[in-house]
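Visitor: Using the sequences and the accompanying hints, generate a full structural model.
Protein chains: 2
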Amino acid sequence: MTEDNGFRIGSEALWELARDTLTDVGVPADTASLVAGILVDADVRGHPSHGVAMLPVYVQRVLEGGILTHATPTWKHLSETAGLVLGHGGFGQLAATMAAEHCAESAHDHGMAVVGVRGNNHIGMLAAYRRQFTERDVIGLILNVSGPSVSAPGAQFPTLGNDAICLVVPRRTGDPFIVDFATGVVACGKIREAALRGEAVSTEWLLDNTGHPSADPKDLDRGGSVPVFGGYKGLGVQLIIEVLAGVLAGGTVSPLVNRQRQRPDLPMNCSQLFVGFRTSLLGDTDPDALLHTLDLAIAMGYKNSPPDCYFPEQRERLHTARALESGIDIPKALADRLGWARRA
Amino acid sequence: MTEDNGFRIGSEALWELARDTLTDVGVPADTASLVAGILVDADVRGHPSHGVAMLPVYVQRVLEGGILTHATPTWKHLSETAGLVLGHGGFGQLAATMAAEHCAESAHDHGMAVVGVRGNNHIGMLAAYRRQFTERDVIGLILNVSGPSVSAPGAQFPTLGNDAICLVVPRRTGDPFIVDFATGVVACGKIREAALRGEAVSTEWLLDNTGHPSADPKDLDRGGSVPVFGGYKGLGVQLIIEVLAGVLAGGTVSPLVNRQRQRPDLPMNCSQLFVGFRTSLLGDTDPDALLHTLDLAIAMGYKNSPPDCYFPEQRERLHTARALESGIDIPKALADRLGWARRA
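Protein sequence lines, in the order shown, are assigned to chains G and A.
UniProt numbering puts the first residue of the first sequence at 1, with every later residue one more than the last.
UniProt numbering puts the first residue of the second sequence at 1, with every later residue one more than the last.
Treat the hints with caution; some may be incorrect.
Because identical chains cannot be distinguished in the list, a pair is counted as satisfied if it fits within a single copy or across any two copies.
[Claimed, not checked] The list that follows gives simulated cross-link-like pairs (lysine to aspartate or glutamate, DMTMM-like), each with its CA atoms no further than 20 Å apart: (1) Lys76 <-> Asp284; (2) Lys76 <-> Asp286; (3) Lys76 <-> Glu105; (4) Lys332 <-> Glu193; (5) Lys303 <-> Asp221; (6) Lys332 <-> Glu16; (7) Lys303 <-> Asp208; (8) Lys303 <-> Asp336; (9) Lys303 <-> Glu204; (10) Lys218 <-> Glu193; (11) Lys190 <-> Asp175; (12) Lys190 <-> Glu316.
To be clear, the hints were calculated from the coordinates, so they are not data collected in a lab.
In this text the structure is predicted, and so the values were computed from the model without any measurement.
Guide: Listed below in C-alpha cells is the structure:
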C-alpha cells in the first residue's frame, strides 16, 4: 500500500489486470495480452508514463473508435530487406511487433533491413521492442512520429509531435544497451503523471495555451505544449525523425497526425520506422568493450563522483530490480479510473 | 576588404588559394582539389568553422605526419548494399567521398545501403557530401565520430567527441533539405573563430581545464571542453552516433580517437557511417509537400512572426546567396597564418 492509497502489485498480476481491462472492452485476448505486456514492461523499467497509465486512454479510444480492436496489420510491401506494414487503425503494438520481428530477422539474415509502419496508433515505449533485436544480435534503431504536442524553439504553440527515437544494442554478456527518448524536453506522460498525483511541474517543461510557461500539468491537455529539447539542435533531431519515420516510412509528418487524447474517435494515423544492422555487418567489433570504454570515459569526466545515473540503462536497471523485488505502485487516481481500487 | 583588414574573395579564387596551399606542402593535385572544394563549400554555406580556417591544422598535420598525403583509401569489405572503407590515415575527405558515392549508388540501385569508414581523418562539414545522395534521389544519413572535446551533462572534463549527424533529403524541385549539426552545444570551430577574431564567447559554450565556465575561446585548446547539447537527451544523441559510426562502423568510440590539434603527428583514427535510403523505398511519398507542411506548421507555432531562420537550410541559403554575390571574408589572422595576406 503506497502513501496515496493506491496499491502495490507484482508485475505478473499487473499484467493480468491490464489484460482483463482490455478484454473487458472487447479487445481479443491475444491482442490484450501483447498490449498489456508492453505497458507493464514500461512500468517495470520505471517509465509509468508509458505503462498501464495509458489504459484509460486506450479504453476510451476503443469505445469511441480510435482503436479498431479487430484490425489486423497487413504487409503492403515486402522484400528481403525492406517492408511496409499497414496498421489499419488497430492497436499500434500489433503492427510494431510485426515490423520489429521482420526487421530484426531480415537484418540477421541479410546484414541490414528497414521496415516502416503506416496508418498506426500509439505503440508504447519504443524500448519494448528490444528483444526482437537483441535475440538476433542486431542493432535496432526505432523511430516514432506522434501527434503535435511539442513547440519549436522559442515558439508558443504545439506544432510538432513528441517524436521518439530508440537505439537497441545487444551486448554479448549482460543486458542490452538502450537509448530511448522523445523530442520534448520531457515526455508528455511525465506531465500527466504529475497531474494524476496533483503535483506542479517545472515551468521549463510546459507552455500553456497562450504560450506562457506554466507549472500546472493540466495545461498540457488544454492546448498547451512541451518545448522541444535542446533548442535548434533538438529541432534537428526532431526533423531527422520526421523525415525517416514520417516522410520515408509513413508518407506523413507529425502536424498531420491525430492526437490520441484530442480525437479518441479517430485512428492517430501515425507511423514508425525500424532499421536493423547486424552487429557484425561491417566487420569484427566488440560492442561490450567499446560500450564499457564509453561508460568509463564519461564517468571520468566528473571532477568528483559522477551522478548516480549518468549512462543509459542505469536508471532502468535500478527500477527493474526494485519492481521485480517489491512490485509496482499504482496511484489511487489511476486505480479509481480503471475500477482497480477494489484490488488494493 | 573587411574591417579587420583581412580580404574578401570569390569562391572560385578561394578554392584555388586553398588548393595551392595544400599542393605547396606536397598534397597531390587531385586530393588538394577535392579537399579545397569541400572546405570552400562550408565557407559558402556560412560555416567558416569548417571552411578554409581548417587549412592551418591540415597543413600542420601534413607536415607532422597526422595526414598521410599519399594514402589511398581501400575497400576492406564490399557487398551490394554494405561496405567498409579504410582511410589509412589519408585526408578524410577521400575516404568519405568514396563511401558517400558507393552508399548513394547502392541505395539507388537496391533501395538501401550502408558504408562505414574506419581509420580516417577529419572529413569536413558532413553536408559537403550531399550531392552524392541528392543526385540519386536517395535520403542520406551521415554520422561522424570525433576526438574528445565534449563534456557529458554536468561533467567538468572533455571525454566525448564533438560528433556530428547530418540528414540529406532530396527535393523534387529546389534545394535539398539538410540537417547538419554536432553534439557539442556549439561547434568547436565557432569557438576557434572567436579566438581568431579575439572575441569572447558565451560562458554556456565552454568550460576551462578546471571545469569552470569560461568566456575565453583559447581555453578550448588548453584542455577545456564544450558541454554536450540538450543535457541527458543530447547525450542520448551522442551515444546513438557513437554506436552507429563508432562501434558498428569504426570498431571505436570517441574517447579512443586522436584529437587532430593535440596530436598533429598521428592520424585521428576516427570513423564515419553513411546510410542511404531510396526516397521511394517504402512506397510513394512526396518529400517536397511534406517538408513544406513541416515548415508551415513550425512557422505557425509562433504567436508573432517566426524568427528569420527557424527551419534548416534557411540560414545556409542566405549565406550562399551572399557568398556568390559578394564573396567570402577571410579574417586577417587566418590570411596571415596561411601567407595569404599579400592577396588582399
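Visitor: If a hint holds in the structure, say so; if it doesn't, say that too.
Guide: Hint check:
1. Taking the closest pair of Cα atoms, Lys76 and Asp284 come within 20 Å of each other only across two copies (12 Å); inside a single copy the shortest separation is 35 Å, beyond that limit.
2. For a Cα distance limit of 20 Å, the shortest separation of Lys76 from Asp286 across copies, 18 Å, qualifies, whereas the shortest one inside one copy, 37 Å, does not.
3. In this homomeric assembly, Lys76 and Glu105 come within 20 Å of each other (Cα to Cα) only inside a single copy, at 18 Å, whereas the closest approach across copies is 25 Å.
4. Only within a single protomer do Lys332 and Glu193 lie at most 20 Å apart by alpha-carbon distance; the minimum there is 12 Å, versus 57 Å between protomers.
5. Taking the closest pair of Cα atoms, Lys303 and Asp221 come within 20 Å of each other only across two copies (19 Å); inside a single copy the shortest separation is 42 Å, beyond that limit.
6. When the C-alpha separation of Lys332 and Glu16 is checked against a cutoff of 20 Å, the pair qualifies only within one copy, where the shortest distance is 18 Å, while the shortest distance between copies is 72 Å.
7. Only between protomers do Lys303 and Asp208 lie at most 20 Å apart by alpha-carbon distance; the minimum there is 13 Å, versus 39 Å within a single protomer.
8. When the C-alpha separation of Lys303 and Asp336 is checked against a cutoff of 20 Å, the pair qualifies neither within a copy, at 47 Å, nor between copies, at 39 Å.
9. With identical chains, the CA atoms of Lys303 and Glu204 are at most 20 Å apart between copies only, with a shortest distance of 18 Å across copies and 27 Å within one.
10. In this assembly of identical chains, the alpha carbons of Lys218 and Glu193 lie at most 20 Å apart only when taken from the same copy (10 Å versus 45 Å across copies).
11. Neither within a single protomer nor between protomers do Lys190 and Asp175 lie at most 20 Å apart by alpha-carbon distance, with minima of 25 Å and 39 Å respectively.
12. When the C-alpha separation of Lys190 and Glu316 is checked against a cutoff of 20 Å, the pair qualifies only within one copy, where the shortest distance is 15 Å, while the shortest distance between copies is 37 Å.
In the structure shown, a violation is registered for the earlier hints numbered 8, 11, in ascending order.
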